[in-house]
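**Student:** Now for the letters of each chain:
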Amino acid sequence: KNQVEQSPQSLIILEGKNCTLQCNYTVSPFSNLRWYKQDTGRGPVSLTIMTFSENTKSNGRYTATLDADTKQSSLHITASQLSDSASYICVVRGGSQGNLIFGKGTKLSVKP
Amino acid sequence: EAGVAQSPRYKIIEKRQSVAFWCNPISGHATLYWYQQILGQGPKLLIQFQNNGVVDDSQLPKDRFSAERLKGVDSTLKIQPAKLEDSAVYLCASSLVRGEQYFGPGTRLTVT
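Protein chains in written order, with this note's numbering: chain A, 1 to 112; chain B, 1 to 112.
Rather than coming from a laboratory, the hints here were simulated on the basis of the structure. Since the structure is predicted, the reported quantities are computational estimates derived from the model, not experimental observations. You may find that some hints are simply not true.
To be verified - Residues from chain A shown here face chain B by an in silico Cβ test under 7 Å; the list is partial:
#, residue
1, Lys1
2, Pro44
3, Ser46
4, Lys57
5, Ala86
6, Ile89
Each residue gets a CB set at the ideal place from its N, CA and C atoms; glycine is no exception.
Please take these sequences and the hints and turn them into a complete structure.
**Tutor:** Pasting the structure below:
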């Protein structure tokens, strides 16, 4: 069954600290993987997209990694800011239909 | 460039009542999606349109949910009659064919 699992479910960190969010998937065949940021009351916004051949991709303070062999991805946030407080959703495109399979998200709270 | 527009932003109704949501996609985007996002979960695809045709409605509860995109531009999603478990955020997204999906702000529905 095509699934995307994220951990942790929620995370609280202090402003300025780094954190890493995890995503494991069982989607096959794999097409690409996106990390989305969803602020409260808003729709998801894409942070990064990674294809099979890409190991690392950065977008400012956000760095995503992908290990296609172990089917794992991570999102590392450096020097967190209060505005990073949001849900981060891992989404894999794949399967026989090429559909998007969403994880449940990690809720990040950055405290001052 | 204007983003995906949705209205209303919030709606509170009693169970067994009907409700309709409206979505205007990004200009030129042929593909339109409706998602249901229950609190604490990732979005679940309800229906996907390509222009004015339905591509995938396999997860749409057709006994109570309906959607249309008559002119291939804006779209409406209707629930009739609503149940308590329909309380969720309803997200609309649009994309070029198979391209990145851009999400609207969502409509938060509360069924009492």
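**Student:** Compare the structure with each hint and give your call.
**Tutor:** Status of each hint after checking the structure:
1. Lys1: 15 Å, violated
2. Pro44: 5 Å, holds
3. Ser46: 6 Å, holds
4. Lys57: 14 Å, violated
5. Ala86: At about 13 Å, which exceeds the 7 Å cut-off, the nearest Cβ of chain B leaves the hint on Ala86 of chain A violated.
6. Ile89: 5 Å, holds
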